[in-house]
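Chemist: Make the full structure from the sequences, and use the hints.
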Amino acid sequence: MTELNKDIQALREKKAVVEMGGGEAAIEKQAAMGKLTARERILSLVDANSFHEYDMFVKHDGRDFGMDKKDFPGDGVVTGTGAIFGAPVCIYAQDFTVAGGSLGLQHARKITKIMDHALKMKCPIIGINDSGGARIQEGVQALAGYGEIFYRNTIASGVVPQISLILGPCAGGAVYSPALTDFVFVVENISKMFITGPNVIKTVLGEDISMEDLGGARVHAEVTGNAHFWARSEQECFEQIKRLVSFIPWNNAERARSIAPAEPLAGLNIETIVPADPRQPYDVRDVIRATVDSSDFLEVHELWAANIVTGFGRMHGETVGFVANQPMVLAGVLDCDSSDKAARFIRFCDSFNIPIITLEDMPGYLPGVDQEHAGVIRHGAKVLYAYSEATVPKITVILRKAYGGGYIAMNSRHLGADFMFAWPGAEIAVMGPEGAAGIIFRKEIMEAADPDAMRQEKVKEYIEKFANPFVAASKGFIDSVIEPRETRSMLLHALRLSAGKEEFRPAKKHGLPPF
Amino acid sequence: METSDNPYVDFVITVRKYKTRLTAKYLHRPLWTKPPEGQVSSALPGTVLSIAVSEGQRIEEGRLLLTLEAMKMENRILAPLSGTVGAIHVKEGDTIGRNHPLATIIPG
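Each protein sequence line maps, in turn, to chains Z and H.
In short: position in the first sequence from 1, add 16, done, that's the numbering used here.
In short: position in the second sequence from 1, add 62, done, that's the numbering used here.
Be careful, since some hints might not be right.
[Said to hold, decoys possible] Below, a list of computed lysine to aspartate or glutamate pairs in the DMTMM-like style, where the Cα atoms sit at most 25 angstroms apart:
1. K87(H) / E315(Z)
2. K79(H) / E99(H)
3. K81(H) / E228(Z)
4. K81(H) / E29(Z)
5. K75(Z) / E29(Z)
6. K45(Z) / E315(Z)
Hints listed in this document are in silico derivations from the structure and should not be mistaken for laboratory results.
On a predicted model such as this, the values are computed, not experimentally measured, just so you know.
Modeler: Here's what the structure looks like:
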């Protein structure tokens with residue numbers, strides 16, 4: 017055997033040791049929890065033969081509590097580059113089989129190095145979280161590591177898309193990296209995310225709660241909104257991520273890649289989806305599916321704040337973002353959660369050059385002490401801010417109701433919409449006819465011999481006068497009143513026309529959205 | 063989806079009734095009630111270390127009512143108004159949650 021061959025042999029052996037992570041027993045334990053290993057996860061996510069691992073031989077620098085005698089292969093995190101559908105990505109995966117995936121300074125430095133790389137090369141960052149938390153033996157060094165990651169999450173925000181997977185525990189300070197990223201994915205029975213765990217809660221409060229009920233996948237997908245996508249298995253989660261990556265650009269200087277244009281599926285008739293009676297529910301996602309290429313719609317935050325729908329579709333092969341009121345959930349009202357959800361999605365689209373189509377059918381804001389005290393004013397203001405701030409093409413179609421503050425908030429002409437369309441049955445008014453007539457004709461109704469009959473007559477009068485799109489159209493607030501079946505062609509026309517849209521804002525360090 | 067097996071119900075927004083589904087989060091929202099006058103409640107979850115007043119005692123605003131150990135601090139809970147201690151709702155050693163009633167002061 018020549019010298020060279022010996023070196024190669026030694027390298028292969030060294031790599032094999034690192035690739036075994038925490039060793040067979042730990043890998044078996046990981047599998048018993050229904051979890052893949054860090055490397056298996058990366059390889060399931062990226063294109064075949066595209067992954068290149070970095071920093072395999074990084075050693076931790078813990079010196080205290082006997083740590084100097086311990087060796088952690090790869091220091092508990094796998095980092096590298098790969099491709100998804102040919103799109104370059106930087107990726108890291110914490111390895112729970114190595115010291116519980118705990119984060120020390122070198123572990124963190126591997127992550128920040130690949131993040132810096134992503135920011136320089138302008139490609140998305142995908143982080144797979146599966147860690148017991150800070151490596152306590154390293155003390156403040158571990159905290160420094162988290163801080164350096166959060167800083168880069170913030171600097172990269174709006175420059176490259178950032179995607180987080182929660183595939184194991186992610187607790188304490190560690191949760192703030194995913195929280196700063198654009199899309200968080202969770203998997204049933206595997207994801208656990210919280211600031212303080214059940215043990216502390218039990219000690220301090222005496223409240224008995226399981227990890228799953230406190231911060232399991234469904235909780236974050238349905239209640240907190242911390243997770244944007246929920247899956248039943250890791251494999252389903254990886255498929256969701258690949259689909260998302262296909263819809264978004266590599267960075268904020270690019271457009272999302274276009275694919276071959278296609279018509280919506282024939283089975284959906286846009287003319288029969290929306291009931292004429294504005295009080296009757298329907299699924300607004302059917303209107304989106306009847307509008308987009310191949311009826312292919314990727315919903316973001318599907319389970320949280322379902323009274324508004326956000327997600328991606330394609331029009332003539334190009335990605336667009338949809339924001340739509342959902343009349344079948346809470347009548348499609350705006351409230352604290354749906355405002356946060358919409359505002360965040362709008363800002364993602366604006367950051368990454370994705371035109372926004374708004375489908376409006378909403379009765380107003382959700383009434384209630386809980387809403388007022390939870391700050392529906394400042395949360396609701398985020399929607400106004402996000403739409404007004406956005407300079408990507410902004411198109412609105414009023415399907416049915418557009419009342420009051422909600423009419424203004426849902427990308428109205430007044431907030432800078434480029435195109436305003438309304439269906440002929442649209443009701444654009446300060447409030448619903450019953451409420452409005454009750455106020456305007458209060459005296460007539462009170463003094464009438466038959467107040468109920470008078471009320472009904474006045475409601476009818478109000479509907480005829482105001483509950484239509486023509487008052488708004490007469491002021492130029494609506495550009496065109498269109499038939500439902502013209503919706504797709506009008507949207508395609510508007511998108512074609514706004515392909516070269518440029519709109520500028522005054523120079524400033526940054527705006528002050530009502531966080 | 064959380065609402066998929068929910069039936070459509072009537073939901074009133076400014077007089078008009080809409081047929082729609084309610085979310086679990088909406089159904090479980092806390093209902094607001096006006097806190098009883100003079101009631102002092104805990105701002106933090108914690109453990110009652112010591113109680114410095116007794117029922118029926120006349121106190122001035124700013125007087126120490128009790129000490130609550132919470133978030134690794136001994137928090138001094140002071141009387142927000144002058145009056146008579148009407149009731150003390152906790153005892154030493156109690157572990158309590160946030161917004162738990164501590165004492166009621168009858169103003170005057």
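Chemist: Please go over all the hints and tell whether each is borne out by the structure.
Modeler: These are the hints, each one checked on the structure:
Between K87(H) and E315(Z), the direct Cα distance comes to roughly 20 angstroms. Compliance with the 25 angstroms bound is thereby established for this hinted pair. This hinted pair does not check out: K79(H) and E99(H) have alpha carbons roughly 36 angstroms apart, beyond 25 angstroms. Taking the CA atoms of K81(H) and E228(Z), the gap is near 33 angstroms; set against the 25 angstroms cutoff, the hint is violated. For a cut-off of 25 angstroms, the pair hint linking K81(H) to E29(Z) is broken: about 66 angstroms separates their Cα positions.
Between K75(Z) and E29(Z) the alpha-carbon distance is near 17 angstroms, which keeps this suggested pair within the 25 angstroms criterion. At roughly 34 angstroms between alpha-carbon atoms, K45(Z) and E315(Z) are farther apart than 25 angstroms, so this suggested pair is violated.
Violated hints, listed in ascending order, are 2, 3, 4, 6; each of the other numbered hints is respected by the structure.
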